[in-house]
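We have chain A already, so just place chains B, C and D on it with the hints.
There are 4 protein chains.
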Amino acid sequence: MKALKFAKLDSDNRTIVQVGPVQIGGPKIAVMAGPCAVESREQLLLIASTLKSLGADMLRGGAFKPRTSPYSFRGLAEDGLKLLAEARELTGLPVVTEVMDARDVELVAGYADMLQIGSRNMQNFTLLHEVGTYRKPVLLKRGLSATLEEWLLAAEYILAAGNNQVVLCERGIRTFETWTRNTVDISAIPAVKELSHLPVILDPSHGTGRWKMVSPVAKAAVAAGADGLLIEVHPDPEYALSDGPQSLTPENFARLISELGPLAQAVGRTAGAQF
Amino acid sequence: MKALKFAKLDSDNRTIVQVGPVQIGGPKIAVMAGPCAVESREQLLLIASTLKSLGADMLRGGAFKPRTSPYSFRGLAEDGLKLLAEARELTGLPVVTEVMDARDVELVAGYADMLQIGSRNMQNFTLLHEVGTYRKPVLLKRGLSATLEEWLLAAEYILAAGNNQVVLCERGIRTFETWTRNTVDISAIPAVKELSHLPVILDPSHGTGRWKMVSPVAKAAVAAGADGLLIEVHPDPEYALSDGPQSLTPENFARLISELGPLAQAVGRTAGAQF
Amino acid sequence: MKALKFAKLDSDNRTIVQVGPVQIGGPKIAVMAGPCAVESREQLLLIASTLKSLGADMLRGGAFKPRTSPYSFRGLAEDGLKLLAEARELTGLPVVTEVMDARDVELVAGYADMLQIGSRNMQNFTLLHEVGTYRKPVLLKRGLSATLEEWLLAAEYILAAGNNQVVLCERGIRTFETWTRNTVDISAIPAVKELSHLPVILDPSHGTGRWKMVSPVAKAAVAAGADGLLIEVHPDPEYALSDGPQSLTPENFARLISELGPLAQAVGRTAGAQF
Amino acid sequence: MKALKFAKLDSDNRTIVQVGPVQIGGPKIAVMAGPCAVESREQLLLIASTLKSLGADMLRGGAFKPRTSPYSFRGLAEDGLKLLAEARELTGLPVVTEVMDARDVELVAGYADMLQIGSRNMQNFTLLHEVGTYRKPVLLKRGLSATLEEWLLAAEYILAAGNNQVVLCERGIRTFETWTRNTVDISAIPAVKELSHLPVILDPSHGTGRWKMVSPVAKAAVAAGADGLLIEVHPDPEYALSDGPQSLTPENFARLISELGPLAQAVGRTAGAQF
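Protein chains in written order, with our numbering: chain A, 27 to 301; chain B, 27 to 301; chain C, 27 to 301; chain D, 27 to 301.
In isolation and in its complexed conformation, chain A is listed as follows:
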């Protein structure tokens, strides 16, 4: 593989990506949490405040939703972006949200602190180039059947366009196993650490598709060296417009955060609220 180019490096020449007050790739595990989709103002502000109080570092939520079927709920679009910005004002949590179309990058970048490229767009090369020309950090999810090499080369599209604030996100790959929604490739964490200087996080919600597995797999990622987590939390998963079965309740999220602290410490890092 070609050598990757980098920006701000720590003492081991690793990239640290700065999103507002949050560092990804530093000693603290960056926990990004929130609902799969922004559904309403009430829902979003409530969950954002709760997450802030529970120790989340960033707010996630989809305004543009890629859906397998054209007849599924596809997000609130710009209205959703406005609500995300409002939630940031309220809580101070930086916002990460997906952009699906190169023509929308400017719009989304006007509201979000970090631009997410979803799995289905990992090799949407014109979109990669476009976010590469902006000065916003990018969260690049691994494609459903992307090899490590393809994933890192997709990141290279963004770096080559001039933007070196890229965080990689493992989210499970597609295999024959049907018990889980996808198969989390836990080895991708140390592999990215070895092959690249970019930070890497895990999305255990999409990775497993089952809320009961989110906590053990999130803990596994931290033990394996992940720099952060992307977790779906919904005030009422049963009524979520998408991805309810894989969303944590605030109670379960609180328990996970409290368990992450000692675990992070055991691998020389920190996690959760610090008082």
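Keep in mind that a hint or two might mislead.
You can't tell identical chains apart in this list, so a pair holds if it fits in one copy or across any two.
[Unchecked claim] Each computed EDC-like pair below joins lysine to aspartate or glutamate, with the alpha-carbon atoms no more than 20 Å apart:
hint	residue 1	residue 2
1	Lys-238	Glu-220
2	Lys-78	Asp-130
3	Lys-238	Asp-38
4	Lys-238	Glu-175
5	Lys-78	Asp-262
6	Lys-54	Glu-175
7	Lys-54	Asp-38
Just so you know, the hints here were simulated from the structure itself, not pulled from any lab data.
Owing to the predicted nature of the structure, the values given are computational and were not obtained by experimental measurement.
Chains B, C and D only, in chain A's frame:
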């Protein structure tokens, strides 16, 4: 799965897609052939004339090339489109070529007779919607790890936007096997015939990644009921800028075409030049 | 890969395996058909006579059945073998049946004309060695996730033990696709032809898991160069003790056989009854 | 899935498997370590003493080796078993080793403390039944492409034969990714905990195929709730007769053990030597 909507149907209520003088989904196997990428005027006009004389029905060739690495040859862009249009004038062969960006659909549609959506963009939903708003036939390749359901629902994005001239193209899926570039899912041909009324063709070049396997797998597809083939042919595969190892020489293409005739007849269809 | 060793070769140095009066690897497509499991004397003798009259070349049927769950029907064991031998007496069709345990090879070889090694035992190396020490032809099914190299090296275990009468059987590999029971790797047919001198056949019944797909995929295999087919036929698939959904009725089998004739001819071979 | 049957249960009704003085499924992480294959007396006794002093709980080592090619080193057979027994006498470490043939179960059970069923034999049903009739604990590795359901049902074959001392071992599944030898399915750990009462351990050596990844993935498994680890350690990996690239040196194993302690504590368990 939801029911699909259709256009012009034959007596079994199957869609026939018309691309210039060529029918896809009718009794004749539609053979689309040409180089992976348009490399030069000389190369393209030469191969196009040769293909016409050998009995190809349509000309394929990439002007915008999706490449895993940003440092690979990415195509001649509009210059490539102009050459494709010139090759059509010369030979009468309708042209199919890939569009990768929703912003380029109008440009590509101005030159091409059929718009190809590549595997990596099968779930680029904004691009699907965009080609759905044009009155050009679309060739929708299956994603590298797309289920049949996801593939048909991607087609549904195009249909739902108003364009019912869609042809599906199986091109191999990603599995553990490394001897072939991908694993051709031959069952996808009868599956699409059962689940949908859209025509379905096979790309044995990407499907196998090895020119020696292109002919036997192309014949398998016809025997299984495919409505057409998409085949890479290059005058000098060794010097191709991309996909040389999977490209047929004109001689091998001629042999394949001559073998397809009796085979098509054995399953009640026709193939190749008819005199 | 290491070079493979061979026995009786045709003019292109390809192995032809002789099973009673049947040649596998010669000009005629060898069609092996029968129920998944031997269920009763009445069922077996009836279906065997029917298959003989419809042009099948060999009788298949399981006496020892490998089952995922220990609580499923696991076959009639030696009673099943005796019924298979009786069916052979009645019809003249040579019998192929599975052996699962190295300790049973002598027993099974006493009744059967060809020993089948199932997918789950493809790397049961002691069983491979054992059948390699007998002078009975072996049908070696590809493992559910075996690479071509592993499959050919499994055959090498049998050859290395002294038995060169081996036929390879592609039966679908395990992928993410769930519409079909497995994914038939059609490229395996030409790959085996290129990498080995052993004959290769296809099992479209296990390969697809759906009877409607058996015929188109069987035809694809013949077009791709397969030397034979292994097909489940049951007089009453709805009441089969196993694999009913993928079994052809005698009527559908008759139709397939009648369609194979012209197709085989189109690729320079023959198939079905010859009068 | 059918309900599983169990033996000695702890307070949460979970099975604890006793192997000599070692408990698997209790509060302590059981670390089984040793060379892939028993190569010589000197090698084995040296590494066994070293492992004992570093805090390993059990000794692993292959006497019968399943090899893809019949021409690879296939183990020392009974001589290897004798050396394993000698190493146990010397160190007090219970021994786990693979049995590949139902006819060898009595032989292997005469020397080993725990019988390992390898991945390629996970659905060798007659072997499963045979080890089910002995009173020795069994380590059942997951097949290369076995679903969770198939794996648990394979365990059920052993339980149904009367032996309830079964430990499950995740060892990576086969996917399209080629950077790692296999893809560790980390979710299998919490899945087994939810679906079954049997203990579950991880083999990060085969799971990754790269020694640099063994430690991070081993730690991930402990964080996810695994009851033990199976790790290849070789005094001189470069000269190992098999699996050198994935073997830890004693130094790296010592570092891993020292890191496991605090990690295990963070999830309420213990690991390594206790003084």
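Checked hints:
With identical chains, the CA atoms of Lys-238 and Glu-220 are at most 20 Å apart between copies only, with a shortest distance of 9 Å across copies and 30 Å within one. For the identical chains of this complex, Lys-78 and Asp-130 are neighbours neither inside a copy (28 Å) nor across copies (42 Å), given an alpha-carbon limit of 20 Å. Only between protomers do Lys-238 and Asp-38 lie at most 20 Å apart by alpha-carbon distance; the minimum there is 17 Å, versus 36 Å within a single protomer. Taking identical chains as interchangeable, the C-alpha atoms of Lys-238 and Glu-175 lie at most 20 Å apart only when they sit on different chains, with a minimum of 18 Å there against 31 Å within one chain.
Taking the shortest alpha-carbon separations for Lys-78 and Asp-262, only the intra-copy value of 17 Å comes in at or below 20 Å, while the best inter-copy value is 51 Å. Proximity of Lys-54 and Glu-175 under a CA criterion of 20 Å is satisfied in neither setting, with 27 Å inside one chain copy and 38 Å between copies. In this homomeric assembly, Lys-54 and Asp-38 come within 20 Å of each other (Cα to Cα) only inside a single copy, at 16 Å, whereas the closest approach across copies is 34 Å.
Comparing the model with each earlier hint shows violations of hints 2 and 6; every other hint is respected.
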